[in-house]
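Residue numbers (the numbering used here), protein chains in the order written: chain A, 1 to 309; chain B, 1 to 296.
Misleading hints may appear alongside valid ones.
As the list claims (entries may be wrong) - So the derived list for chain A, only partly shown, Cβ under 10 Å to chain B, looks like this:
no.: 1; residue: E58
no.: 2; residue: N75
no.: 3; residue: F153
no.: 4; residue: R192
no.: 5; residue: L196
no.: 6; residue: G199
no.: 7; residue: R202
no.: 8; residue: T205
no.: 9; residue: M238
no.: 10; residue: S253
no.: 11; residue: R255
no.: 12; residue: V268
Unchecked claim - Within a straight-line C-alpha distance of at most 25 Å, the following computed DSS-like cross-link-like pairs (lysine-lysine) qualify:
no.: 13; chain 1: B; residue 1: K162; chain 2: B; residue 2: K242
no.: 14; chain 1: B; residue 1: K215; chain 2: B; residue 2: K162
no.: 15; chain 1: B; residue 1: K234; chain 2: B; residue 2: K82
no.: 16; chain 1: B; residue 1: K215; chain 2: A; residue 2: K271
no.: 17; chain 1: B; residue 1: K193; chain 2: A; residue 2: K271
no.: 18; chain 1: B; residue 1: K108; chain 2: A; residue 2: K271
no.: 19; chain 1: B; residue 1: K215; chain 2: B; residue 2: K169
no.: 20; chain 1: B; residue 1: K242; chain 2: B; residue 2: K215
no.: 21; chain 1: B; residue 1: K162; chain 2: B; residue 2: K82
To be verified - Derived CB-CB ranges, DEER-like:
no.: 22; chain 1: B; residue 1: E110; chain 2: A; residue 2: G62; range: 49 to 59 Å
no.: 23; chain 1: B; residue 1: E110; chain 2: A; residue 2: V46; range: 22 to 32 Å
no.: 24; chain 1: B; residue 1: E110; chain 2: A; residue 2: L49; range: 36 to 46 Å
no.: 25; chain 1: A; residue 1: P101; chain 2: B; residue 2: R126; range: 39 to 49 Å
no.: 26; chain 1: B; residue 1: M147; chain 2: A; residue 2: I38; range: 27 to 37 Å
Worth flagging that the hints you see were computed from the coordinates, not collected in a lab. Ideal Cβ placement from N, Cα and C applies to all residues, glycine included.
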Amino acid sequence: MAISTDTKRGRALGRTASRRATEVVVRALVFACGWLAIVILAAIAVFLLTNGLRSIDEVGLGTMLTGTSWYPTSNNAQFGFLPLILGSLFVTGVALVVSVPVGVGAAVYLSEFAGRGFKEVAKSVVEFMAAVPSVVYGLIGVAVLIPWVRTTFQLDSGMTALTGGIVLGVMSIPTVLSISEDALHAVPESLRQASLALGNTRWQTTYKVVVPAASSGIFAAVMLGLGRAIGETMAVLMLTGNAAVMPTGVFESVRTMTGTIAAEMGEVVRKGLHYSALFSVGLVLFAMTFAINLAADLVLERQRKRWRR
Amino acid sequence: MNRKRIVVLGLVFAMLLGVFALAGCGKTEDTTDGTTDGTTEPVAEELTGAINVEGSDTLVNVAGAWADAFMTENPGVMISVKGGGSGTGIAALINGTVDFADASREIKDEEIQQASDNGIDPVEHRVAIDGIAIVVNSGNGVEALTMDQLGKIYRGEITNWKDVGGADKAIVLLSRDSSSGTYEYFKEAVVGKDAEYAKEAKLLPSNQAIADEVKANDAAIGYIGLGYLTPDVKVVAVDGVKASVETAKDGSYPISRYLYMYSNGELSDVMQAYLDWILGSDGQKIVADEGFVPLQ
Numbered sequence: 001m002a003i004s005t006d007t008k009r010g011r012a013l014g015r016t017a018s019r020r021a022t023e024v025v026v027r028a029l030v031f032a033c034g035w036l037a038i039v040i041l042a043a044i045a046v047f048l049l050t051n052g053l054r055s056i057d058e059v060g061l062g063t064m065l066t067g068t069s070w071y072p073t074s075n076n077a078q079f080g081f082l083p084l085i086l087g088s089l090f091v092t093g094v095a096l097v098v099s100v101p102v103g104v105g106a107a108v109y110l111s112e113f114a115g116r117g118f119k120e121v122a123k124s125v126v127e128f129m130a131a132v133p134s135v136v137y138g139l140i141g142v143a144v145l146i147p148w149v150r151t152t153f154q155l156d157s158g159m160t161a162l163t164g165g166i167v168l169g170v171m172s173i174p175t176v177l178s179i180s181e182d183a184l185h186a187v188p189e190s191l192r193q194a195s196l197a198l199g200n201t202r203w204q205t206t207y208k209v210v211v212p213a214a215s216s217g218i219f220a221a222v223m224l225g226l227g228r229a230i231g232e233t234m235a236v237l238m239l240t241g242n243a244a245v246m247p248t249g250v251f252e253s254v255r256t257m258t259g260t261i262a263a264e265m266g267e268v269v270r271k272g273l274h275y276s277a278l279f280s281v282g283l284v285l286f287a288m289t290f291a292i293n294l295a296a297d298l299v300l301e302r303q304r305k306r307w308r309r
Numbered sequence: 001m002n003r004k005r006i007v008v009l010g011l012v013f014a015m016l017l018g019v020f021a022l023a024g025c026g027k028t029e030d031t032t033d034g035t036t037d038g039t040t041e042p043v044a045e046e047l048t049g050a051i052n053v054e055g056s057d058t059l060v061n062v063a064g065a066w067a068d069a070f071m072t073e074n075p076g077v078m079i080s081v082k083g084g085g086s087g088t089g090i091a092a093l094i095n096g097t098v099d100f101a102d103a104s105r106e107i108k109d110e111e112i113q114q115a116s117d118n119g120i121d122p123v124e125h126r127v128a129i130d131g132i133a134i135v136v137n138s139g140n141g142v143e144a145l146t147m148d149q150l151g152k153i154y155r156g157e158i159t160n161w162k163d164v165g166g167a168d169k170a171i172v173l174l175s176r177d178s179s180s181g182t183y184e185y186f187k188e189a190v191v192g193k194d195a196e197y198a199k200e201a202k203l204l205p206s207n208q209a210i211a212d213e214v215k216a217n218d219a220a221i222g223y224i225g226l227g228y229l230t231p232d233v234k235v236v237a238v239d240g241v242k243a244s245v246e247t248a249k250d251g252s253y254p255i256s257r258y259l260y261m262y263s264n265g266e267l268s269d270v271m272q273a274y275l276d277w278i279l280g281s282d283g284q285k286i287v288a289d290e291g292f293v294p295l296q
């Protein structure tokens with residue numbers, strides 16, 4: 001295919017055989033690297049599945065997915081994922097409420113209104129935010145946010161889905177912001193000029209023309225932010241209290257899927273039922289994040305085709 | 001741009017799972033650092049050899065202090081200590097990659113079975129005692145609880161402090177995470193073997209996290225190892241006895257347990273020497289220094 005046509009061209013240009021051979025090898029390597037990502041992804045899925053097989057076999061996937069009790073170390077062990085799945089969703093929901101308005105709003109400002117100098121500085125600061133380790137966010141949350149949530153909402157304890165969600169929201173702002181900003185930036189300049197020429201103000205141009213034009217990219221940004229939030233572990237482990245109740249509101253303590261895996265993996269009997277059940281939790285989480293990222297990618301691809309430039 | 005992001009995501013996942021996979025196979029990196037083969041030549045005067053220890057996070061500080069002190073006395077011995085949890089340590093022992101596994105719980109039947117399948121014969125050594133203190137906020141008026149009351153609180157049958165002589169305030173239950181050996185021990189000793197912790201119990205990842213929340217929350221109750229007790233939380237007497245090194249030692253305090261090291265069958269000379277030293281006065285003094293309870 002592509003390789004053979006290129007080698008032919010190489011011969012036409014009179015390259016030596018060794019150079020051609022080098023080119024073939026390098027091309028093969030690059031090609032292999034590209035495929036490696038896919039192979040790794042497939043390997044992860046297979047690995048999770050084989051390790052989770054025992055629990056799927058002995059407890060049953062349906063029983064686990066619909067079970068409401070998580071008592072993995074009890075004599076009468078129960079592996080119900082529902083409190084964990086809901087816990088993850090509650091925390092992620094709060095995170096979205098925080099990160100989407102701030103992230104998208106900031107992206108609109110940076111892309112449409114901010115001066116060049118400020119934009120460069122702001123983008124680097126946001127990128128720096130993404131580089132702060134999640135334990136650090138967790139520590140700040142423990143020191144500041146837990147007492148604040150408890151006193152502000154007059155709760156028994158400040159370790160709630162809300163607390164974890166706020167911190168996760170802040171953590172996913174860089175993802176939402178930078179991808180929305182890319183999407184807004186990709187809207188052709190001619191659209192803005194046309195809108196301004198028709199007498200719209202800059203603000204009208206932004207919210208009537210630019211934002212709708214970039215909407216699929218912004219949607220993808222939100223989805224990727226969601227993927228970032230649902231997979232985050234350390235900060236939620238420190239902030240949500242990890243009580244495996246069926247949550248009914250954001251002012252309750254919740255236990256997330258990621259937190260459960262991280263907290264319990266160290267002590268379980270290797271290859272035991274509990275170990276296997278944790279891999280099944282991982283499988284559910286993997287399927288969810290994979291679906292979210294795939295959806296985001298498809299939407300983003302559509303937008304890229306639309307404003308190809 | 002975005003495809004790149006997905007690739008990066010995939011790689012990160014892969015790395016994480018690679019770590020799991022390696023842990024699962026017991027091929028942790030210590031097999032490659034050349035200090036693993038733990039076997040030693042029996043030398044009469046000077047001890048030489050390498051010992052690998054891995055396991056319980058409860059014991060990890062004590063284990064590190066033991067190793068430092070022992071290596072200072074015996075420069076020919078190399079001891080490496082890793083935490084990670086009792087389950088991690090025992091799994092490593094079963095896979096034959098460590099010489100001693102630290103554990104804050106007894107080895108389980110399932111693990112003994114796995115060990116014998118692998119040709120490993122786990123031998124238990126008790127190395128220290130840990131008392132579990134019941135702590136509340138210093139503003140809490142409750143001074144003492146009975147084991148019965150404590151069980152009811154942790155099973156969720158008593159949910160208000162006024163039922164145990166305190167203020168009219170909902171009890172905020174704090175527990176260690178279910179991965180912790182302390183969690184399982186406390187369940188057996190207090191909650192009941194066949195009963196469950198109340199679902200509302202918040203499971204915190206460390207002794208320190210419990211101490212912090214108890215310090216900040218006047219409705220909270222929690223349990224922490226004696227070694228992690230700080231003066232800014234209030235220790236509640238259980239059945240009339242307050243948790244301390246003395247009461248755990250003489251057996252009058254009801255919530256205390258043994259901490260273990262497991263080895264494979266017969267000990268090599270250097271391992272035997274290390275274990276004897278741990279159980280001797282020097283080793284047990286370190287146990288006390290670290291806030292745990294010495295065996296004698």
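Quick rundown of the hints versus the structure:
1. E58: Where the cut-off is 10 Å and the nearest Cβ of chain B is about 13 Å from A/E58, the hint is violated.
2. N75: holds (6 Å)
3. F153: violated (14 Å)
4. R192: violated (22 Å)
5. L196: Cβ of A/L196 sits 28 Å from chain B, so the hint is violated.
6. G199: violated (35 Å)
7. R202: violated (27 Å)
8. T205: With a closest approach of 25 Å, the A/T205 hint is violated.
9. M238: Constraint on A/M238 satisfied, holds at 7 Å.
10. S253: Holds. Min distance 5 Å.
11. R255: holds (7 Å)
12. V268: This interface hint holds because 5 Å falls under the 10 Å limit.
13. B/K162 x B/K242: Since the Cα atoms of B/K162 and B/K242 sit roughly 21 Å apart, the hinted pair holds (cutoff 25 Å).
14. B/K215 x B/K162: holds (20 Å)
15. B/K234 x B/K82: Since the Cα atoms of B/K234 and B/K82 sit roughly 32 Å apart, the hinted pair is violated (cutoff 25 Å).
16. B/K215 x A/K271: Not satisfied, since the Cα-Cα distance of roughly 39 Å exceeds 25 Å.
17. B/K193 x A/K271: Distance of about 24 Å is within 25 Å: holds.
18. B/K108 x A/K271: Answer holds: B/K108 to A/K271 is near 13 Å, not above 25 Å.
19. B/K215 x B/K169: holds (16 Å)
20. B/K242 x B/K215: Status holds; Cα separation ~19 Å.
21. B/K162 x B/K82: Status violated; Cα separation ~44 Å.
22. B/E110 x A/G62: 49 to 59 Å: violated (25 Å)
23. B/E110 x A/V46: 22 to 32 Å: holds (25 Å)
24. B/E110 x A/L49: 36 to 46 Å: violated (22 Å)
25. A/P101 x B/R126: 39 to 49 Å: For A/P101 and B/R126 the Cβ distance comes to about 58 Å; the hint is violated.
26. B/M147 x A/I38: 27 to 37 Å: Violated, since B/M147 and A/I38 (Cβ atoms, about 57 Å apart) do not stay within the stated range.
In terms of the numbered hints stated before, the structure departs from hints 1, 3, 4, 5, 6, 7, 8, 15, 16, 21, 22, 24, 25 and 26, listed from lowest to highest.
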